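*Asks:* Next come the chains, spelled out residue by residue.
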Amino acid sequence: MINILFPNVSGRAFSVLLRHRDVFKKMLKTQLIPPFLDPLFYLLGMGYGLGAMIRDIEGYSYVEFIAPALVASAMMTAPSYECGIGGYVRLYYQKTWDAMIATPLSIEDVVTGEILYGISRALLQTTAILIVIVLFGLVKSPLAIFVPFVCVLGGAMFGSIALSYISRIPNINYIDYYFTLVMTPMFIFAGTFFPVTQLPEWAQKAAFFMPLYHVVLVTRSFVTGDIHPDLWQSIVWIIIVGAFFFGLSLRLIRSRVMH
Amino acid sequence: MSAIIVGEKLTKKYNRLVAVDSVDFSIEEGELFGFLGPNGAGKTTIMKMIYCFVYVTSGKLTVKGIDVMENPRKVKELLGVVPQEDNIDPDLTTYENLITYSRYYGIPKKVAQRRAGELLELFSLDMKNTTPVEHLSGGMKRRLILARGLINDPQVLILDEPTTGLDPQARHLVWQKLRELKRRGITILLTTHYMDEASYLCDRLVMIDHGEFIAEGAPGKLVSQIPGKMVVELQEIDEALFEKIEPIVGGNTYERYGDSVYIFTDQPKPIIEELSELNLPRVIERYTDLEDLFLKLTGRSLRE
Ligand SMILES: Nc1ncnc2c1ncn2[C@@H]1O[C@H](COP(=O)(O)OP(=O)(O)OP(=O)(O)O)[C@@H](O)[C@H]1O
Ligand SMILES: [Mg+2]
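As you go down the protein sequences, you meet chains A and B in turn. Heads up: the first sequence at position 66 corresponds to 67 in the numbering used here, and the numbers run straight through without jumps. Heads up: the second sequence at position 107 corresponds to 1597 in the numbering used here, and the numbers run straight through without jumps.
Hints were generated in silico from the structure; no laboratory data involved. A quick note: this is a predicted structure, and the numbers were derived from the prediction, not measured. Check each hint, because a few of them may be wrong.
[To be verified] Below 27 Å or equal to it, Euclidean Cα-Cα: the simulated DSSO-like pairs (lysine-lysine) are:
#1 Lys27/A <-> Lys1599/B
#2 Lys1618/B <-> Lys96/A
#3 Lys27/A <-> Lys1618/B
#4 Lys1599/B <-> Lys96/A
#5 Lys1618/B <-> Lys26/A
#6 Lys96/A <-> Lys1631/B
#7 Lys1631/B <-> Lys26/A
#8 Lys96/A <-> Lys1564/B
#9 Lys1672/B <-> Lys1564/B
#10 Lys27/A <-> Lys1631/B
#11 Lys1759/B <-> Lys1711/B
#12 Lys1600/B <-> Lys27/A
Given these sequences and hints, build the entire structure.
*Replies:* Here it is, written out as structure tokens:
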């Protein structure tokens, strides 16, 4: 069954992850500070600055409302950068994937390794943000320990979507479309900085189809301890859509790489 | 001896383009087998089918009895690959490249570290252990890819133009190593555009043009197909000069290309003596070689 959904994937995918880890270690110096600064700016600027002029949302101050959304957004951005831009560069420019698939690695192992790395980066990023918001007293519930699990599911989903996308584009400039037409709207409208109930009826319905909407809903439930009635529905949504795109990315990348 | 790589009616099409056209071959265990041919002949495509990088369109291809289309992972475990295009990992150092690559094969860390050290020494790269690969020269990169191709102690080594871009020292080093590997019983497949390299190294070779084999056999046997053991090459021959030369060379097989005339003969001395009266600008006498056969078979025109 697993073999039919996700063909040719093996444990060797971890050797790809280790390669990315080694490269990441070299960049560690530049990668250590920004993950903490980024959320800090958002919290200070939007949360406390802008938030001071905004009335409470669903019983939460504005900064309390957006803090979980910052965590959730990182589950989208980190894998999108790594699997989208990084993956594209390794596939088309550096030919790193070509070298890999001349070994016993299958192309599916390589794709899986990229997704594992996307998840890892998402975990690092969300952990950094969690630390920051804990320090600001914005984590209200011990359920927050489940956030890393959400991150694994969400990271896998967003990594798979990004890889599916790059498998079809004619050149690297098309990645801009992905960021502006796919990621930015989600970042703004998926219940991140204001509740989707502010949107017109049709847009609220459309939000259901935004992956980030569900990731934000689940993350917010765990960070605030205020369990949303749709929690289970959203978790199942993420798993099904994530599995779908994972299987899709395996097939699309194979058809792009192997002739 | 038994066949280790067998292709039967092996065909590769890229969309409509037929890159390899129903070729049959059988490479023996421990053999050093060459693929020669002009640009675009289909050499790399055959190699890529063997290391499961492109699909076989039709026909059959097996390595140690394993079908490349059925079990690519198993096949690739047996192979060491040196691709034509440099694809070492630019984000890593020389040494890290080998260690990282060894993990793709699932080689235990200790073994990998030992082999990486040995291989870097073997290819005189041990001084460059911690050098980011961007800082290596073209020839050093090529040597690193050769070292990488040996990290899994392969039974078959696939070398797609391994010596392109190497200086004479490095080329001779590689030749030495290849013969050493051959002595150890490793089967080696080689493509090259250097005919001297092919005659020097290969037990057998095939010449390919437009995806088809046009000659095959041991290099010595192939060269003997050319009429005449020697070539007399005359350079800077214009029409006027050629008219004077023609009666002298007429009885032999000869060929004109550009401003050169090539005369194939077993007895060059009398021809050269007769020609000496004409005071030709350049007369070169040499043995016929694989390159003469290659050019005879594939023509002298450039491939697009
Ligand atoms: N990925 C591809 N898609 C389409 N056509 C291709 C592809 N790769 C190779 N070809 C074509 O297949 C033919 C054989 O190419 P191949 O690379 O096997 O030649 P080669 O003998 O290795 O040449 P060279 O000496 O230049 O390396 C060429 O006409 C080439 O244009
Ligand atoms: Mg080639």
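*Asks:* Take the hints in turn and mark each one as holding or not.
*Replies:* Consistency of the hints with the structure:
Restraint check for Lys27/A and Lys1599/B: satisfied, since their Cα atoms lie roughly 20 Å apart, inside the 27 Å limit. Using a Cα cut-off of 27 Å, the hinted pair Lys1618/B and Lys96/A holds, with the two alpha carbons roughly 22 Å apart. Between Lys27/A and Lys1618/B the CA atoms are separated by roughly 18 Å; this keeps the pair inside 27 Å, and the hint holds. Proximity of Lys1599/B to Lys96/A is assessed by CA-CA distance (about 25 Å); at most 27 Å being required, the pair is judged to hold.
A distance of roughly 20 Å separates the Cα atoms of Lys1618/B and Lys26/A; the hinted pair therefore holds under the 27 Å criterion. At most 27 Å may separate the alpha-carbon atoms for a hinted pair to count; Lys96/A and Lys1631/B meet this at roughly 14 Å. About 23 Å separates the Cα atoms of Lys1631/B and Lys26/A, which keeps this hinted pair within 27 Å; it holds. Distance hint between Lys96/A and Lys1564/B is fulfilled; the C-alpha atoms sit about 23 Å from each other, no more than 27 Å.
As the CA atoms of Lys1672/B and Lys1564/B are separated by approximately 22 Å, the hinted pair is consistent with the 27 Å bound. Distance restraint check for Lys27/A and Lys1631/B: the Cα-Cα separation of roughly 21 Å lies within the 27 Å cut-off, and the hinted pair is therefore satisfied. Of the supplied pair hints, the one linking Lys1759/B and Lys1711/B holds, its CA atoms being roughly 25 Å apart against a limit of 27 Å. Restraint check for Lys1600/B and Lys27/A: the C-alpha separation of about 22 Å stays at or below 27 Å, so the hint holds.
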